[in-house]
Amino acid sequence: MTDTPTLQLRGITKSFGSVQALADVDFEVRTGEVMALVGDNGAGKSTLVKTIAGIHQPDSGEVLFEGKPVHISSPKEASRLGIEIVYQDLALCDNLDVVQNMFLGREERDWLWRLKEPAMEQRTAETLRGLSVTTIRSVRQPVASLSGGQRQSVAVAKAVLWNSKLVILDEPTAALGVAQTRQVLELVRRLGEQGLAVVLISHNLHDIFDVANRITVLRLGRDIGVYEREHTTQQEIVQAITAGVPTKVAGIPEAAPELAT
Amino acid sequence: MSADVDVAAPGIGLPGGDEADARPGLWRRGYDNLRTGNLGILPIVIGVAFIVVFFSFKATNFFTADNFNNIIVQMTGLTMLAFGVVFVLLLGEIDLSIGYLSGIAALVVAEFQLPGSGHAYPGLVAILIAVGVCTAIGGAQGSVVALVGVPSFVVTLAGLLIWQGVILQVLEVKGVIVIQDAWINDTANYFFTSTNGLIIAGIVTGLYTLGTLGSAIAKRRAGVSIGNPWMMALKIIGVAVATFGTVAVSNHASVPNGLPLAGVLVVIFLIVLTYLAKRTPFGRHVYAVGGNAEAARRAGINVARIRIIVFMISGAMAGVGGVILAARLNSVDLNVGGGTLLLDAISAAVIGGTSLFGGRGEVRSALIGALVIATVSNGLNTAGYKTGTIYIVTGVILLLAVTLDTVARRLQVRSGR
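Same order as they appear, the protein sequences are chains A and B.
Going left to right, the first sequence walks through residues -16 to 244 as this note's numbering numbers them.
Going left to right, the second sequence walks through residues 5 to 421 as this note's numbering numbers them.
Just so you know, the hints here were simulated from the structure itself, not pulled from any lab data.
Fair warning: there could be bad hints in the mix.
Unchecked claim - Here are a few chain B residues that face chain A, going by a calculated C-beta distance under 7 Å:
| no. | residue |
| --- | --- |
| 1 | Ala226 |
| 2 | Gly249 |
| 3 | Thr284 |
| 4 | Ala292 |
| 5 | Asn296 |
| 6 | Ala303 |
| 7 | Gly304 |
Said to hold, decoys possible - Simulated crosslink set (SDA-like; lysine to any residue; CA at most 25 Å straight-line):
| no. | chain 1 | residue 1 | chain 2 | residue 2 |
| --- | --- | --- | --- | --- |
| 8 | B | Lys282 | B | Arg302 |
| 9 | B | Lys223 | B | Leu202 |
| 10 | A | Lys51 | B | Leu217 |
| 11 | B | Lys282 | A | Arg89 |
| 12 | B | Lys223 | A | Arg106 |
| 13 | A | Lys33 | B | Arg302 |
| 14 | B | Lys223 | A | Tyr70 |
| 15 | B | Lys223 | A | Lys33 |
| 16 | B | Lys239 | A | Pro125 |
| 17 | B | Lys282 | A | Asp93 |
| 18 | A | Lys59 | A | Tyr70 |
| 19 | A | Lys99 | B | Gly153 |
| 20 | A | Lys148 | B | Leu214 |
| 21 | A | Lys33 | B | Asn306 |
| 22 | B | Lys223 | A | Pro125 |
| 23 | A | Lys59 | B | Gly153 |
| 24 | A | Lys59 | B | Leu211 |
| 25 | A | Lys51 | A | Asn146 |
| 26 | A | Lys99 | B | Gly227 |
| 27 | A | Lys59 | B | Asn306 |
| 28 | B | Lys223 | A | Glu91 |
| 29 | B | Lys223 | A | Thr118 |
| 30 | B | Lys282 | A | Arg106 |
| 31 | A | Lys148 | B | Tyr279 |
| 32 | B | Lys223 | B | Tyr212 |
| 33 | A | Lys148 | A | Ala36 |
| 34 | A | Lys51 | B | Asn306 |
| 35 | B | Lys223 | A | Trp94 |
| 36 | B | Lys223 | A | Arg112 |
| 37 | B | Lys223 | A | Lys51 |
| 38 | B | Lys223 | B | Arg301 |
| 39 | A | Lys59 | A | Ser147 |
| 40 | A | Lys59 | B | Arg301 |
In this text, a Cβ means the ideal position worked out from N, Cα and C, and glycines have one as well.
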């Protein structure tokens, strides 16, 4: 872990008409760590991710990428910086095979406008091997024939393929069974170990305590605080999500829950 | 004469994967495909063989070299339209305007070759103008679909009415326009000499062999496992037999002796469009948009651009088909682009195995489907049946083909593939 966070947001505010979706939110994720982002429905998780993805522009606040102020104006700009997002509803084409999906929109081609199939197939196999994804039998099988966990693995590998520095995973285990969830979480952990910054959005605290290093809690558009997994409990997080803890108020330290009781 | 440039060869395992799984034997793979309902073009081939045998007994002058050439020329215009339909169907869209759009092409090409009209150009220029006009119209229709968001069914239905109206308005005044330009008429009426036909067969086979070996070498060089070499050899032999067989039969025909240029044009478009669909990023994006437009958009693909270009292809192919259909009759009259042309073109693509719901299909399915439709219609005609019978039989075949495909796909899902 280096001292400069890969991504740092300071005082992000975003309103949609009269609805304030984000109010003075601070958020950061460092290289090699898995940062969980939790919060109830409507807490502002999606808005925050869309801000990072360049889909929304913040009304005010500062975005620093690798220590430098940046303006993420579009999803293209985000991926140019090295930010990749794996959406909940899997942006994969069922009718295409694994290689075709991995390179979709960024195909390699030669001077004849011809797809460099062997090169792309090779890189796909390498990337999957690098992530220890071994359950996919052939990279030439259509994505429709894969299980939920395998599909999620492909979606994650697709994000990794492009030398990304920050990968954001939106509910990667929401629709998966037990074994497949474990498979995907293992993959998430490996992303962190390979030196990527990972943001994991999930409702499942079990999953989060399994892989995350730190946890950011959002509530009603404000960030309640950042918790080290080592020094917190599921109860504390649940309380922060549902009731909120005024950690940001000056003078009250992180031990706020004890004060509240 | 199916010079397919198939790249979606299945079963290339991850290096280090199970070799036995990645490279099954030919029979094993064939059996697996049958069991899982992945029938491919097998039912169609059997169907065509059955049709041919049936009519050979039914009509004495069906199974002749002359009639073989006839069928090739008869199906060419329809095949060209169906090529365009495949692209539109791959997107999950529909283009109902292509019938009368081909009529517009016929009208334009006839008008711009008309001696003494003040705008008579050489045949080739007239053809380019006609195809260009249709491409532009396709692009305009596609823009309304892609940029405004009006359903393609409605846009192209409007197109159907508008272009039919234009044809009626123009030809009610002019009557019949005769096409005298040799270049234009040759697209449907030129036949190669025996020697040139054989040379063409040699070139097609050679190119296919080079292409297949070239991609195998590239794969080997990249360390990616190649498909079954026996399968590859079998495909090359198949192409050689089909091309040389076609030329041999055509050379035996007496009345229009030799390989028809129209057939060669079909093969050229088949190769070029298959390359476009299967080997280029553009083609890949067409499949992606048809499979999951939202995923394609998120992957950074300009979905609207892809849609517009596809409708331009559809228009262009309608133009090419229209010119050839007009050339076959050496004239353009009030019936141009009408009749069952539109529905035959869509049926051809669907009978050949292209899905109506997008993302699934091959360019060659247009050729296969057109072959079925043209053979049946020619056979029934030769055997003396009336038009009504032809419609009924074509309808039954369409229903059978799609039912078979649907059942096969359900089997595929059930076997977990």
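Item to check | Hinted pair lysine 223 of chain B and arginine 301 of chain B, Cα distance within 25 Å | outcome: violated (30 Å)
Item to check | Hint consistency between lysine 148 of chain A and tyrosine 279 of chain B [alpha-carbon to alpha-carbon, up to 25 Å] | outcome: The hint is violated at about 36 Å.
Item to check | Interface hint for asparagine 296 of chain B, Cβ within 7 Å of any Cβ on chain A | outcome: The hint holds - asparagine 296 of chain B has a Cβ within 7 Å of chain A, the shortest such distance being about 4 Å.
Next on the checklist: Checking hints one by one. Is glycine 304 of chain B an interface residue toward chain A, by the C-beta closer than 7 Å rule?
Outcome noted: holds (4 Å)
Item to check | Agreement of hint alanine 303 of chain B with chain A interface, Cβ distance less than 7 Å | outcome: Holds, because the Cβ-Cβ distance from alanine 303 of chain B to chain A comes to roughly 3 Å (cut-off 7 Å).
Checklist entry - Holds or violated: are the alpha carbons of lysine 59 of chain A and serine 147 of chain A at most 25 Å from each other? => result holds (13 Å)
Item to check | alanine 292 of chain B as chain A interface residue, shortest Cβ-Cβ below 7 Å | outcome: holds (5 Å)
Checklist entry - Can alanine 226 of chain B be said to touch chain A, with a Cβ gap under 7 Å? => result Result: holds, 3 Å to nearest chain A Cβ.
Checklist entry - Is the hinted pair lysine 223 of chain B and arginine 112 of chain A satisfied, with a Cα-Cα distance of at most 25 Å? => result holds (19 Å)
Next on the checklist: Hint check: lysine 223 of chain B vs glutamate 91 of chain A, CA-CA at most 25 Å. Holds or violated?
Outcome noted: Given that 25 Å is the threshold and the Cα spacing comes to 15 Å, the pair holds.
Next on the checklist: Would the hint linking lysine 33 of chain A and arginine 302 of chain B be met if the CA-CA limit is 25 Å?
Outcome noted: holds (13 Å)
Next on the checklist: So if I understand the rule, the pair passes when the alpha-carbon distance is 25 Å or less; does lysine 223 of chain B with leucine 202 of chain B pass?
Outcome noted: The given pair, whose Cα atoms are some 32 Å apart, is violated under the 25 Å limit.
Figure legend: structure checked against the earlier numbered hints; hints not met, in rising order: 2, 9, 10, 14, 15, 19, 20, 24, 31, 34, 37, 38.
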